[in-house]
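**Q** Protein chains in written order, with this note's numbering: chain A, 135 to 534; chain B, 717 to 888.
The reader is advised that the hints may include incorrect statements.
Stated by the list, open to error - With a straight-line Cα cutoff of 30 Å, these simulated BS3-like cross-link-like pairs (lysine-lysine) come out:
hint : chain 1 : residue 1 : chain 2 : residue 2
1    : A       : Lys-173   : A       : Lys-338
2    : A       : Lys-527   : A       : Lys-516
3    : A       : Lys-336   : A       : Lys-323
4    : B       : Lys-720   : A       : Lys-338
5    : B       : Lys-720   : B       : Lys-815
6    : B       : Lys-825   : B       : Lys-720
7    : B       : Lys-884   : B       : Lys-815
8    : A       : Lys-323   : B       : Lys-718
9    : A       : Lys-323   : B       : Lys-884
10   : B       : Lys-815   : A       : Lys-327
11   : A       : Lys-386   : A       : Lys-516
12   : A       : Lys-173   : B       : Lys-884
13   : A       : Lys-173   : B       : Lys-815
14   : A       : Lys-435   : A       : Lys-410
15   : A       : Lys-327   : A       : Lys-173
16   : B       : Lys-720   : A       : Lys-327
17   : A       : Lys-173   : B       : Lys-720
18   : A       : Lys-173   : B       : Lys-825
19   : B       : Lys-718   : A       : Lys-327
20   : A       : Lys-439   : A       : Lys-516
21   : B       : Lys-884   : B       : Lys-825
22   : A       : Lys-439   : A       : Lys-450
23   : A       : Lys-173   : A       : Lys-336
24   : A       : Lys-499   : A       : Lys-439
25   : B       : Lys-718   : A       : Lys-319
26   : A       : Lys-492   : A       : Lys-386
27   : A       : Lys-323   : B       : Lys-720
28   : B       : Lys-718   : A       : Lys-173
29   : B       : Lys-718   : B       : Lys-884
30   : A       : Lys-327   : B       : Lys-884
31   : A       : Lys-319   : B       : Lys-720
32   : B       : Lys-720   : A       : Lys-336
33   : A       : Lys-319   : A       : Lys-173
34   : B       : Lys-884   : A       : Lys-319
35   : A       : Lys-386   : A       : Lys-450
36   : A       : Lys-516   : A       : Lys-450
37   : A       : Lys-323   : A       : Lys-338
What the hints assert, rightly or not - Cβ-Cβ distance ranges computed for the label pairs, FRET-style:
hint : chain 1 : residue 1 : chain 2 : residue 2 : range
38   : B       : Met-877   : A       : Pro-275   : 27 to 33 Å
39   : A       : Ser-318   : B       : Arg-883   : 17 to 23 Å
40   : B       : Val-764   : A       : Asn-424   : 48 to 54 Å
If you're looking for bench data, these hints aren't it; they were derived computationally from the structure.
No residue lacks a Cβ here, since even glycine has one placed at the ideal position from N, Cα and C.
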Amino acid sequence: MAPLVPEILSSEFNLVVAFIVGIAFGFALEQAGFSSSRKLVGLFYGYDFTVLKVFFTAGVTAMVGVLLFAHLGLLDLNVIYINPTFLWSALVGGAIMGVGFILGGFCPGTSLCALAVGRIDAFAFVGGSILGILAFTEGYPMLETLFNSTNMGPLTMNDMLGISPEFFGILLTIIALLAFYLTSKIEDKVNGKTIEIPRDRKIKYSLTAVLPIVIITLIWMTPDKKEYTLSKMDSAQISEVSNNFDTMTIDKLAFEIMNNVHEFNIIDIRDTTAYKEASIPAAINVPFENLYNREWRSMLKQPYKTNVFIGDDMDKVYKAAFLARELGDTDPVILESPVVEFREVIFNAVEPIGDVSKTDLTRYKFHIEAAERLTEIEERLKNSLQPPKKEIKRVQGGCT
Amino acid sequence: MKPKAYMNPYLAGLFLGFVLLATIYVTGRGLGASGGVKAVALYGVEQVAPEHWNNTEYYANYQQSNPGSPLNTWLFYEIIGVLIGAFFSGVISNRIALKLEKGPRIQSKTRIIFAVLGGALFGLGSQLGRGCTSGSALSGMAVMSFGGIITMFAIFGSAYMVAWFFRKLWIS
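Using the sequences provided together with the hints, build the complete structure.
**A** Here's what the structure looks like:
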């Protein structure tokens, strides 16, 4: 699942990516006409709304893409950078930038494009922005309070309004389309001439305009990858037979822990309280509800160790194994008895009395030995085998 | 040779949107510009006034959270790409020319002065806004960031409010 940095691509390679997307970014801006200051400010005087058209089209395209990728389980929205909101700083900063836009005729990105094609005013603007940035860094002690006030965190528009992301996506798309329509009217009026759009192109435009709304509506109406996978799990015939899960007996698992503990991930799917109270030695705790989370994906998928699922509610254990298989575990194994039973059998072995068979006696001896060894292993692993605390952090981004 | 016409704005927007989407998909972050310029500005401070650099709290904190040279940041590499991409676009569309663009009613000198002023305001504002039109407004819109979108409204809102007073700079 994306983003690919830093899990799949290294941070060093990320700089190469930066360079490549920079080229595409600069090319797009220049082709759109953003290297011309007069074209840029046309937006504010009504003679040229190119900026608005490019800007909104790009924003809506990327937004629909992000929603779609997240829906298909390709992109983790909990990890991507969401610009944090510092209300007053954002508003004051934005207002200052707006004045800068009118006076200077550029914004930073477009000034770099204009500089690249030789516009002298862009050199002046970029020089000015360096001065402005230094004014901030030098004057930081004075601006600090404003800069850090009203921190609302990585808040999204839909959270702020209390609506679903899809609904906000549709709203924003409609606003963009309305803006396109109205500004083209204003443009015609200010320029004193009407640009006639041929009929066939009108149809093409309308169809393209509806496309993002259709895509977002589909995203809205259909279950996302997670919901789909979980519902598949819920409705599946959860039993050992119909799913051909491999199972393990208590004795077998005890034996494997004693001899080959490093070949297994023993995954306790109960909640943390139950796990902390008593579990099986060497087991790690991944509560059932968290199994879908991205941080466990690599463990489920790896081919080197066998994942053994344990728990008390056997139905849940089967479900966990089913989910693990959906998520890429080729061969999940299930401990056929609940954890409590395991502990009972191994740690509270009762000596068989009276006329006992040799097998029973051997088993008893094994349980005694196992109890001793497992306690030892439990002690030894107490600190080292805690689940690899893999918390996936948000990407750092932004321009500060 | 005459410069070629600009790309259809919607098509250019679509292209830019895909670039932004690909960036988010691969790196988990959006595009930016002012941050790259900042890297250059900070590099300048570090080189020209190393003592000041070491003794100022802001720079020390910056150094701590971004170890290594200020130039060794994602956005610096990105804006180097921007310059190359824009230059390449200018070449294929015959738009490379050393010239000054200004409104019909003002002198070149006035244009330069206001460009520096505007740049300075944008530079300062982009720091408070935690990003400019690219990093805060555009990238913020793609991920529906509240901060990004209000910054966008603040930028365009204030520009519209003052546009009338500075109309001499741009229109006849």
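**Q** Would you mind marking each hint as holding or not holding in the structure?
**A** A quick look at each hint next to the structure:
About 26 Å separates the Cα atoms of Lys-173 of chain A and Lys-338 of chain A, which keeps this hinted pair within 30 Å; it holds. Annotation: proposed proximity of Lys-527 of chain A to Lys-516 of chain A holds, straight-line Cα distance about 26 Å (limit 30 Å). Restraint check: the Cα-Cα separation between Lys-336 of chain A and Lys-323 of chain A comes to about 20 Å, which is no more than 30 Å; the hinted pair holds. Of the pairs offered as hints, the one joining Lys-720 of chain B and Lys-338 of chain A holds, with about 24 Å between alpha carbons and a cut-off of 30 Å not exceeded.
Proposed proximity of Lys-720 of chain B and Lys-815 of chain B is supported: the alpha carbons are some 17 Å apart, at most 30 Å. With a C-alpha separation of about 29 Å, the suggested pair Lys-825 of chain B and Lys-720 of chain B falls inside the 30 Å cut-off, and the hint holds. The straight-line distance between the Cα atoms of Lys-884 of chain B and Lys-815 of chain B is roughly 20 Å, inside the 30 Å bound, and the hint therefore holds. In summary, the hint linking Lys-323 of chain A to Lys-718 of chain B is supported, as the alpha carbons are separated by about 28 Å, within the 30 Å threshold.
Of the pairs offered as hints, the one joining Lys-323 of chain A and Lys-884 of chain B holds, with about 20 Å between alpha carbons and a cut-off of 30 Å not exceeded. Proposed proximity of Lys-815 of chain B and Lys-327 of chain A is supported: the alpha carbons are some 29 Å apart, at most 30 Å. Straight-line distance between C-alpha atoms of Lys-386 of chain A and Lys-516 of chain A comes to about 22 Å, which keeps the hinted pair within the 30 Å bound. As the CA atoms of Lys-173 of chain A and Lys-884 of chain B are separated by approximately 15 Å, the hinted pair is consistent with the 30 Å bound.
With a C-alpha separation of about 15 Å, the suggested pair Lys-173 of chain A and Lys-815 of chain B falls inside the 30 Å cut-off, and the hint holds. Note on Lys-435 of chain A and Lys-410 of chain A: the hinted pairing holds, with a Cα-Cα distance of about 26 Å set against a maximum of 30 Å. Pair hint Lys-327 of chain A plus Lys-173 of chain A holds up; C-alpha atoms about 17 Å apart against a cutoff of 30 Å. Proximity of Lys-720 of chain B to Lys-327 of chain A is assessed by CA-CA distance (about 22 Å); at most 30 Å being required, the pair is judged to hold.
At roughly 15 Å between alpha-carbon atoms, Lys-173 of chain A and Lys-720 of chain B fall within 30 Å of each other, so this suggested pair holds. Restraint check for Lys-173 of chain A and Lys-825 of chain B: the C-alpha separation of about 20 Å stays at or below 30 Å, so the hint holds. Simply put, Lys-718 of chain B and Lys-327 of chain A have alpha-carbon atoms about 24 Å apart, close enough for the 30 Å limit, and the pair holds. A distance of roughly 20 Å separates the Cα atoms of Lys-439 of chain A and Lys-516 of chain A; the hinted pair therefore holds under the 30 Å criterion.
Straight-line distance between C-alpha atoms of Lys-884 of chain B and Lys-825 of chain B comes to about 14 Å, which keeps the hinted pair within the 30 Å bound. At most 30 Å may separate the alpha-carbon atoms for a hinted pair to count; Lys-439 of chain A and Lys-450 of chain A meet this at roughly 22 Å. About 24 Å separates the Cα atoms of Lys-173 of chain A and Lys-336 of chain A, which keeps this hinted pair within 30 Å; it holds. Note on Lys-499 of chain A and Lys-439 of chain A: the hinted pairing holds, with a Cα-Cα distance of about 29 Å set against a maximum of 30 Å.
In summary, the hint linking Lys-718 of chain B to Lys-319 of chain A is supported, as the alpha carbons are separated by about 29 Å, within the 30 Å threshold. Straight-line distance between C-alpha atoms of Lys-492 of chain A and Lys-386 of chain A comes to about 19 Å, which keeps the hinted pair within the 30 Å bound. Taking the CA atoms of Lys-323 of chain A and Lys-720 of chain B, the gap is about 26 Å. The hint holds against a cut of 30 Å. Under the criterion of a C-alpha separation no larger than 30 Å, the hint pairing Lys-718 of chain B with Lys-173 of chain A is consistent with the structure, at around 18 Å.
Pair hint Lys-718 of chain B plus Lys-884 of chain B holds up; C-alpha atoms about 28 Å apart against a cutoff of 30 Å. Pair hint Lys-327 of chain A plus Lys-884 of chain B holds up; C-alpha atoms about 23 Å apart against a cutoff of 30 Å. With a C-alpha separation of about 25 Å, the suggested pair Lys-319 of chain A and Lys-720 of chain B falls inside the 30 Å cut-off, and the hint holds. Taken as a hint, the Lys-720 of chain B and Lys-336 of chain A pair is honoured in the structure, with Cα atoms around 24 Å apart against an allowance of 30 Å.
The hinted pair formed by Lys-319 of chain A and Lys-173 of chain A meets the criterion: a straight-line CA distance of about 17 Å does not exceed 30 Å. Proximity of Lys-884 of chain B to Lys-319 of chain A is assessed by CA-CA distance (about 24 Å); at most 30 Å being required, the pair is judged to hold. Among the hinted pairs, Lys-386 of chain A with Lys-450 of chain A is consistent with the structure: their alpha-carbon atoms are about 21 Å apart, no more than 30 Å. Between Lys-516 of chain A and Lys-450 of chain A the CA atoms are separated by roughly 26 Å; this keeps the pair inside 30 Å, and the hint holds.
The straight-line distance between the Cα atoms of Lys-323 of chain A and Lys-338 of chain A is roughly 24 Å, inside the 30 Å bound, and the hint therefore holds. Separation of Met-877 of chain B from Pro-275 of chain A is about 30 Å and conforms to the stated range, judged on CB atoms against 27 to 33 Å. At roughly 22 Å, the beta carbons of Ser-318 of chain A and Arg-883 of chain B sit within the given window of 17 to 23 Å. Distance hint check for Val-764 of chain B and Asn-424 of chain A: the Cβ-Cβ separation is about 51 Å, which falls inside the suggested range of 48 to 54 Å.
Every hint from the earlier list agrees with this structure, and none is contradicted.
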